[in-house]
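2 protein chains.
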Amino acid sequence: MTSRRVPRAVAIITGDELLRGFIQDANSGFLADQLRDMGVELAEVRIVGDDFDSIGTAIADTTRGPLAADLIILSGGLGPTHDDRTSEAVALAVGRELVVDEAALELVGARVRAFGRMRTPEEVATFTPGNRKQASLPRGATWVDPLGTAPGYVLTSEELTFVVLPGPPPELRHAWKGVRATAELQAVLARTAPAHERLLRMWGVPESAASRTLDATGHDDSDARRVTICARDGEVEISVRGTDVASVDALVDGLTTEFGPAVFAVDDHRSVVEFIADELRARGWMLATCESCTGGQLGSALTEVAGSSAWYEGGLVTYSYASKTLLAGVPATLIASDGAVSESVARAMAEGVRATLGVDVGVGITGIAGPGGGTEAKPVGTVHLAVATPAGIVHRQIRVPGDRSTVRRRSSHVALHLLRESLRDA
Amino acid sequence: MTSRRVPRAVAIITGDELLRGFIQDANSGFLADQLRDMGVELAEVRIVGDDFDSIGTAIADTTRGPLAADLIILSGGLGPTHDDRTSEAVALAVGRELVVDEAALELVGARVRAFGRMRTPEEVATFTPGNRKQASLPRGATWVDPLGTAPGYVLTSEELTFVVLPGPPPELRHAWKGVRATAELQAVLARTAPAHERLLRMWGVPESAASRTLDATGHDDSDARRVTICARDGEVEISVRGTDVASVDALVDGLTTEFGPAVFAVDDHRSVVEFIADELRARGWMLATCESCTGGQLGSALTEVAGSSAWYEGGLVTYSYASKTLLAGVPATLIASDGAVSESVARAMAEGVRATLGVDVGVGITGIAGPGGGTEAKPVGTVHLAVATPAGIVHRQIRVPGDRSTVRRRSSHVALHLLRESLRDA
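In the order they appear, the protein sequences are chains A and B.
Take the first sequence: its letter number 121 is residue 121 in our numbering, and every next letter is one higher.
Take the second sequence: its letter number 92 is residue 1092 in our numbering, and every next letter is one higher.
Some clues are possibly wrong.
[To be verified] According to the in silico footprint, chain B covers these stretches of chain A (three or more CB under 8 Å from chain B):
1. 16–22
2. 48–58
3. 315–325
Read the hints as simulated data drawn from the structure, not as lab findings.
Nothing here was measured: the structure is a model prediction, and the numbers come from that model.
Just so you know, even glycine gets a beta-carbon here, dropped at the ideal spot from N, CA and C.
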């Protein structure tokens, strides 16, 4: 029996295409989120090649290393071809043979036939020889219902539990739900002491100020209480977690009081857009956007959330001067006198789109994303934002350091928070 | 002297916030890209915590492991606080002491004072005690001019070269440029045999078809010739690389002939938007977009590229039925008869935005992103796209499997390729 400490996990993500830079790994972020939520400490993520040696070495390092992992989560390499070697590596690591699970074989076969309705006969044919391979699992594994043709599974060997998941993100997410409910995973949580996790999200507080407050109140780093502070796009998140529930709660309560209205969410992981959606729905208001430097990124962020048509009417991307006048009714004389990147134009854009689309709330963004277009008075990164509601109009100017992509992303994110605050106060 | 084989690298990315799922690592993708371009094989990426033990263990595994790395690249942990431990871990691994580099100290001090112009005196004060720490490097290190206050450096010990970079992505990218030019890094490339790298990018070919062709022509996996195939958002990329230049080139030439007009780029890493920009600039044409289900994502993608104002006029996000009629002039009767998600409405959107904004090229996207809104005849994932140019109008219908986010991303990407093909053929 191990001592009652926070359970630790290591994630091993396989995929040559990730190491070649063709695609960005999306699974480790999902797993990090899920594990934090369960009180499990993700100690490391390893992105390795598809070959047997790379997977085997990563498993061996983890099992013999000082990390004392309770969970090894592997993703990828469960496909039907000879290049898919993950189950072999796991079987070798635990010293068990691979055996065909008859129930899994039946299900994989059924899935291949079902997918056959949507694929060419030629493509189905390439699947079939791999059926038995995909249903071959290390002896003692508990598999879960797959979204595709690769069953994920969980397997405990002494005090180490392996979770093996298919690589495509939608399949991984589906399989994770099944694995999370298994007796094997619940046993890991029961044997250890999952951390009590609290999350404070703030807006309008510099990371350095948050750090100093934490230094003063006690910036612990033990299983009893551990603090992580993270700033992204102007939002500051403080995660406090550990086995000492009273101590964790006391720190979170203290910080919540300390930072007052800057705290916009406690233990609430929803996106800022979801806060905005709630405020709009509560008032029955419709929203429209008018973007220049962000080129549609704000509209895209708002509509990423399902059901946004209930409160988002539409938007204008007024990239050229002429389109600002034509679509949003910004007077050409105003652009000529104050410049396209100015407080007055941002206000006119917010008011203009509100009028054009006949909605309750309008947002305007105009700025210099760079790398060109900056001047002494208005350097690259200068952005003006405005939100018009029935209660009035608010404006904010920001100056974002960084490249074009950073300026645009930060601008969209500031617009979301300005919108959230305007609605809260309206 | 090691044998002439492809140089191998391992990247060790530090950051508790990455393991907590608060932010997604952006550095490993950049490094993967850069290394591939240099002919270096990235064998593994390890994302580890900020603590000394985690960094030390990752380095130790790599130096003693079977990977035979030539390069260990570390990012993060070069800050001024006691939590920043990367240089200590590197110094221990190579058995050298940390010494203050006087020239680096002077530069870090100057940088802190320069940044002081933009920060509060309180913030500058918190920097100062860390100056000496940031200028303390393992003896023999060659540092490069930093963007911020943390100098990255390169250090060779026997046949292993360490590259140590600051964590914030803009700082890392800047420092990498400096490191890449150092004699130490050039020596690694001279000692080994960087791979000859070719890249084929195709559109309109299923990954399974590309795989079968490769199986037939020889899907090697050795230092002499190695092939990776990757599909993302409908694009298929085949990377062929290795030390056998003639064999690599022969395969690429064969595949280019085999796939004909589906190949849109050979050894050209530019984004699809850059291809579009070239076509538009060559003709002096202006572009406008009209988006429904993508909510502005296409406009955002088009304007991510610097200089887009030369060919992008603006866009409409016509999310509601009413806005489609009001802004893009789509007849309400057409929406009533054919549905908002239909070929005729996509065509009307493309033509409508072209007329409204008075431009040469218009794009329309309308679809069902889900999770709600699907029907038997038009399930979730049904998307209609149209591109109107002076040469006429093209339409395409797609059915995207996957969640809301996938449907939207794929739709934007298909729109870009439809636009690219329409311009090429116009």
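Hint check:
With a threshold of 8 Å between beta carbons, the proposed coverage of the region 16–22 of chain A by chain B holds, since 7 of its residues qualify and at least three are required. Under the rule that three or more residues need a Cβ within less than 8 Å of chain B, the assignment of the region 48–58 of chain A holds, with 7 such residues. Here's how the region 315–325 of chain A fares: 8 of its residues keep a CB closer than 8 Å to some CB of chain B, so the rule of at least three is met and the hint holds.
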